[in-house]
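Visitor: Chains as they are written, first to last, in our numbering: chain A, 1 to 242; chain W, 1001 to 1075.
The hints are simulated quantities; they were obtained by calculation from the structure and are not laboratory data.
Note that the Cβ used here is the ideal one computed from N, Cα and C, for glycine as well.
Any given hint could turn out to be false.
Partner residues are not named here, just some residues of chain A that face chain W (Cβ under 7 Å, in silico) [as the list claims (entries may be wrong)]:
| no. | residue |
| --- | --- |
| 1 | 7 |
| 2 | 184 |
| 3 | 222 |
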Amino acid sequence: MELSISLAPDILFNIGSMPITNTLFWSFFVSLFLIVITLIINRSLKSVPGTLQNIVEILIEGSYLFVQTITGSNKKTKYLFPLVFTMFIFIAIANIFVFIPGQSAITLDNGEGSVPLFRAVMSDYGMVFILTIISIIAMQVAAIATNGPFKYIGKFLNFKGPLEFFLGLMDFIGELAKILSLSFRLFGNIFAGETLTAVLLFLLPFIAPLPFMFLGILTAIVQAFVFATLTLVFVTMASEKV
Amino acid sequence: MEGETLKHLAAGLAIGLGAIGPAIGEGIIASKSLEAIGRNPEAANKITPLMFAAMAITESTGIYALVVALIILFG
């Protein structure tokens, strides 16, 4: 038995020149699951809710109120809630699905050897990076929409004095640093969880990995929450008048 | 020293030194929130999720160090 840990996801097969990796496959599976659940609930909406509808209602109502307390206005909440809640639910479900027993045992032969069909979606840096870029674009759009394009550029290029110019440059670096800090936080946590479980399974396969898997479930939910909340806070901060 | 040895040494140093800061920070967060719960036990439900969120954000510097160490080892 050999310990195999790789930063890049494994390629399952190619469609034309586009490689299909196992994280991409898994993320489509997660999306499909979410869409099916949404359709089921949408079709069976009742005024007296059943179990599934009750759970979803509690989740959505609670998070809507939470978003409202952070943004502090009804209008902003209406714009932001769909984006933030979709991010939260996608990341949380993708992280939780890793704990389905037996899913890592299914392997596929890609011509060079057998690779697992499933892998934690957020342990692929490309996926996390795209999610981060979406939230960064939302921030910039919010900032431009509230302050207008000239004031927005004026925040970064300020010629009133040397100190203001330097602070404007620092603001620019701060925006770039947000991309790295947001994406590395999520990616690092999930990848570290995967690596830790792999190493522990290698060292002591029976009881030892269990407490770390409980910790992993906690991390899965908390990191999804932190990513969504930070996006929310950043966009709210960007949408305030300078 | 060989290149491979230096690589292992670098990875160990990166995560070892990088873990000091977040450990202290998380300790401070835990102690302060436990103090707050001790003073006002009814607020425990409100404080606990905030504590976890704050810990996850504090932890991120440690995670950056971990990512660097993993890239050195496996990248």
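Visitor: For every hint, state whether the structure bears it out.
Guide: Okay, the hints, checked on the actual structure:
1. Because the smallest distance between the Cβ of residue 7(A) and any Cβ of chain W comes to about 6 Å, under 7 Å, the interface hint for this residue holds.
2. Taking 7 Å as the C-beta contact cut-off toward chain W, the hint placing residue 184(A) at the interface holds, the least distance being around 6 Å.
3. Using the Cβ-Cβ criterion of 7 Å, the hint placing residue 222(A) at the interface with chain W is satisfied: the shortest such distance is roughly 5 Å.
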